[in-house]
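**Q** Chain by chain, the residues run as shown.
Protein chains: 4
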Amino acid sequence: MPIEQQPPLDALVAACHWIGTKGWCPATGGNMSVRLSGQHCLITESGHDKGSISAEHFLTVNLQSGEVDGGRIPSAETGLHTLVYSLFPTVGAILHTHSVNATVLSRVEKSNAVILEGYEMQKSLGGQRSHLDRVIIPIFDNSQDIPALASRVADSHATVPLQYGFLVRGHGLYCWGRDVKEARRHLEGLEFLFQCELQLRLLEAK
Amino acid sequence: MPIEQQPPLDALVAACHWIGTKGWCPATGGNMSVRLSGQHCLITESGHDKGSISAEHFLTVNLQSGEVDGGRIPSAETGLHTLVYSLFPTVGAILHTHSVNATVLSRVEKSNAVILEGYEMQKSLGGQRSHLDRVIIPIFDNSQDIPALASRVADSHATVPLQYGFLVRGHGLYCWGRDVKEARRHLEGLEFLFQCELQLRLLEAK
Amino acid sequence: MPIEQQPPLDALVAACHWIGTKGWCPATGGNMSVRLSGQHCLITESGHDKGSISAEHFLTVNLQSGEVDGGRIPSAETGLHTLVYSLFPTVGAILHTHSVNATVLSRVEKSNAVILEGYEMQKSLGGQRSHLDRVIIPIFDNSQDIPALASRVADSHATVPLQYGFLVRGHGLYCWGRDVKEARRHLEGLEFLFQCELQLRLLEAK
Amino acid sequence: MPIEQQPPLDALVAACHWIGTKGWCPATGGNMSVRLSGQHCLITESGHDKGSISAEHFLTVNLQSGEVDGGRIPSAETGLHTLVYSLFPTVGAILHTHSVNATVLSRVEKSNAVILEGYEMQKSLGGQRSHLDRVIIPIFDNSQDIPALASRVADSHATVPLQYGFLVRGHGLYCWGRDVKEARRHLEGLEFLFQCELQLRLLEAK
Chain A
1 MPIEQQPPLD
11 ALVAACHWIG
21 TKGWCPATGG
31 NMSVRLSGQH
41 CLITESGHDK
51 GSISAEHFLT
61 VNLQSGEVDG
71 GRIPSAETGL
81 HTLVYSLFPT
91 VGAILHTHSV
101 NATVLSRVEK
111 SNAVILEGYE
121 MQKSLGGQRS
131 HLDRVIIPIF
141 DNSQDIPALA
151 SRVADSHATV
161 PLQYGFLVRG
171 HGLYCWGRDV
181 KEARRHLEGL
191 EFLFQCELQL
201 RLLEAK
Chain B
1 MPIEQQPPLD
11 ALVAACHWIG
21 TKGWCPATGG
31 NMSVRLSGQH
41 CLITESGHDK
51 GSISAEHFLT
61 VNLQSGEVDG
71 GRIPSAETGL
81 HTLVYSLFPT
91 VGAILHTHSV
101 NATVLSRVEK
111 SNAVILEGYE
121 MQKSLGGQRS
131 HLDRVIIPIF
141 DNSQDIPALA
151 SRVADSHATV
161 PLQYGFLVRG
171 HGLYCWGRDV
181 KEARRHLEGL
191 EFLFQCELQL
201 RLLEAK
Chain C
1 MPIEQQPPLD
11 ALVAACHWIG
21 TKGWCPATGG
31 NMSVRLSGQH
41 CLITESGHDK
51 GSISAEHFLT
61 VNLQSGEVDG
71 GRIPSAETGL
81 HTLVYSLFPT
91 VGAILHTHSV
101 NATVLSRVEK
111 SNAVILEGYE
121 MQKSLGGQRS
131 HLDRVIIPIF
141 DNSQDIPALA
151 SRVADSHATV
161 PLQYGFLVRG
171 HGLYCWGRDV
181 KEARRHLEGL
191 EFLFQCELQL
201 RLLEAK
Chain D
1 MPIEQQPPLD
11 ALVAACHWIG
21 TKGWCPATGG
31 NMSVRLSGQH
41 CLITESGHDK
51 GSISAEHFLT
61 VNLQSGEVDG
71 GRIPSAETGL
81 HTLVYSLFPT
91 VGAILHTHSV
101 NATVLSRVEK
111 SNAVILEGYE
121 MQKSLGGQRS
131 HLDRVIIPIF
141 DNSQDIPALA
151 SRVADSHATV
161 PLQYGFLVRG
171 HGLYCWGRDV
181 KEARRHLEGL
191 EFLFQCELQL
201 RLLEAK
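As they're listed, the protein sequences go chains A, B, C and D. Numbering follows full-length UniProt numbering, in which position 111 of the first sequence is assigned residue number 111; successive positions increment by one, without gaps. Numbering follows full-length UniProt numbering, in which position 174 of the second sequence is assigned residue number 174; successive positions increment by one, without gaps. Numbering follows full-length UniProt numbering, in which position 117 of the third sequence is assigned residue number 117; successive positions increment by one, without gaps. Numbering follows full-length UniProt numbering, in which position 204 of the fourth sequence is assigned residue number 204; successive positions increment by one, without gaps.
Keep in mind that the hints were calculated from the coordinates and are not lab data. Computed from a predicted structure; not experimentally measured. Among these hints, one or two may not hold up.
Copies of one chain are not kept apart here, so a pair can be met inside one copy or by any two copies together.
Heads up, simulated DSSO-like pairs for lysine-lysine below, C-alpha to C-alpha not over 27 Å straight-line [as the list claims (entries may be wrong)]:
hint: 1; residue 1: Lys-181; residue 2: Lys-123
hint: 2; residue 1: Lys-181; residue 2: Lys-22
hint: 3; residue 1: Lys-110; residue 2: Lys-181
hint: 4; residue 1: Lys-123; residue 2: Lys-110
hint: 5; residue 1: Lys-22; residue 2: Lys-123
All chains, please: the whole structure from these sequences, using the hints.
**A** Dropping the structure here:
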């Protein structure tokens with residue numbers, strides 16, 4: 001079935017399996033979600049290998065309360081998903097991955113953003129039209145206090161709007177799209193750009 | 001079926017799937033074509049993942065007008081495909097890919113060409129007989145103005161003839177062959193040589 | 001069948017196949033074991049490719065004598081497995097792999113430990129709660145005299161307790177868990193962290 | 001069927017497919033052979049992709065004349081295979097591959113040998129018992145004149161006997177074993193060691 005016609009959960013399960021194949025969520029790390037409505041999203045339950053996850057390992061989360069209906073509490077990082085859904089009513093899917101490239105680049109870059117420039121593949125990000133423009137991916141210092149981290153992300157967005165995603169230092173990438181298909185393209189494009197950027201820095205001893 | 005006996009579109013679809021497996025066209029990037037006659041080629045429609053593309057996602061383009069018969073307009077980069085077909089009547093297939101190695105090498109090398117020398121695998125390119133010869137792969141600065149880029153490629157070719165392909169800086173590789181089979185061999189050989197060249201530069205801190 | 005419900009040998013065979021796919025045990029290297037009881041474990045017989053190993057290629061070893069019941073003698077490195085089972089009554093599975101990253105990192109790091117700090121993925125290791133903590137993975141110089149190496153490991157453990165695993169310099173990683181599932185997660189997490197650490201050292205020219 | 005019981009050609013075809021999966025023979029490069037008797041070997045015909053080669057793409061070569069019975073002439077590099085079979089009556093299979101690591105390491109190392117030392121995986125090579133020993137893999141400058149190259153290899157062997165294989169600079173690896181199974185293990189072990197050695201040189205800026 002073409003991805004556009006898949007039910008959202010099926011599309012998200014397929015995205016998890018693809019992410020597993022890519023090695024971007026080793027050792028049960030990461031979490032993925034899809035919006036069901038203005039009030040709810042589905043999100044991966046903690047502790048499952050993304051490459052072999054199935055439909056019963058997703059929880060329905062209330063976007064206002066951040067809780068699973070019925071009172072079960074999802075993983076702490078759910079708070080970053082619900083933040084992004086509340087900031088962007090048009091976002092339909094969020095992918096949070098732990099790749100080597102995202103982990104290392106977010107540590108090597110000591111400032112608060114990775115700036116991507118001069119790459120044709122910037123155009124894989126919705127709305128980008130030229131390699132001459134600059135794509136800014138913010139980096140936030142990691143924290144185990146997710147509400148505090150979410151608050152820093154929200155504050156930063158109020159000044160410089162987020163676009164496609166952000167990095168958490170030494171941790172990984174959050175990225176999103178209108179639907180699972182666009183979120184996958186953004187993830188694949190950003191991972192490509194991160195790998196290029198690391199290679200370029202190595203070769204140019206920057 | 002042996003690749004030599006495949007209908008051209010079948011061979012091109014198989015090449016796209018293989019390129020998808022290699023990771024040389026992430027996030028729906030790249031485009032691939034095969035010549036049908038002196039007047040027409042088939043080319044990938046924009047926006048499809050190459051690893052899972054199927055026969056209905058190809059457009060028939062008029063090599064003179066650069067348009068799809070009936071008036072649909074294919075992706076802008078079609079102009080580089082039609083240029084190559086017009087420069088080389090014997091070219092039967094063109095592969096345009098976006099690999100990390102092609103992207104990075106074309107930025108690290110600041111001159112207008114990558115020169116490959118001393119590699120046995122240069123002989124994977126049609127007509128090359130010795131590692132002692134030099135293979136010159138031109139690099140053109142990227143542009144979103146494809147007619148202007150095509151014009152620079154044509155001008156360069158008038159002075160120093162193109163042979164197997166060229167790089168667009170920070171963008172990717174265009175390469176070709178008599179048929180899909182030879183274009184695949186050239187792509188695989190060039191990608192191998194680009195990876196060797198990057199590794200060698202890293203190790204020799206060139 | 002969910003991995004938690006697999007018989008231990010089935011889970012271990014599946015782990016070997018997965019390790020083969022990852023390329024962490026090339027050329028028949030490495031050995032893997034699972035505890036059967038307080039007295040016995042099953043361990044891979046030497047000389048088999050881990051990626052295609054099957055259930056008949058495992059030996060039942062007596063944890064006290066280190067011998068196969070009936071007198072057959074398993075590979076020399078069995079002594080490190082039996083040591084770990086005797087040090088940790090709760091350990092249920094041990095994976096010993098030979099990856100490029102573990103081999104190289106254990107040589108590049110000249111001290112007696114790799115210290116991992118600042119990585120979210122440290123939390124893939126049982127009991128770790130924050131990227132701000134330090135995970136210490138000891139490195140022991142390699143030896144062909146396994147009883148002597150086991151004695152050095154035991155002495156070190158008496159001073160600084162082992163937690164998840166240790167490296168043998170220029171050789172590979174030993175890691176473990178309560179069961180095969182946790183040992184796999186520890187292996188995948190440590191391999192990820194080793195790859196990040198190598199990349200980071202390259203980029204920071206440490 | 002266990003590899004030990006496979007007919008030699010079946011084992012060699014399986015080895016070619018495995019090498020294709022590893023990416024060690026891109027763009028139809030490389031050639032592989034197996035001894036049939038004191039007088040003949042089977043060798044891959046030039047120009048086929050090793051990952052999808054089948055039994056009809058092998059030629060029977062006379063080890064004395066270097067010719068195919070009936071007068072067909074196999075690829076020029078057959079002369080290096082027949083040399084190795086004549087130098088070592090116990091060699092049953094030869095694998096000649098073109099990997100990035102073998103190509104780059106043989107260029108980065110300017111002397112006439114790669115010396116491997118301190119790696120447990122040296123024991124993947126028949127007869128090696130300790131990481132403290134040194135494994136010497138000679139490097140010969142590449143040449144398109146195969147009889148001349150074969151003569152240099154034979155002269156070198158007369159002084160310092162070859163053991164497992166040799167590198168041709170900027171070209172690739174020749175390695176061998178008693179049978180296809182041992183040749184595969186030697187190839188996998190040497191490729192692992194070459195990758196470690198390149199990583200180590202990068203990290204130690206040697």
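**Q** Does each hint fit the structure? Answer for all of them.
**A** Going through the hints against the structure:
no. : hint              : verdict
1   : Lys-181 / Lys-123 : within (16 Å within a copy, 30 Å between copies)
2   : Lys-181 / Lys-22  : both (16 Å within a copy, 21 Å between copies)
3   : Lys-110 / Lys-181 : neither (32 Å within a copy, 36 Å between copies)
4   : Lys-123 / Lys-110 : both (26 Å within a copy, 23 Å between copies)
5   : Lys-22 / Lys-123  : both (21 Å within a copy, 21 Å between copies)
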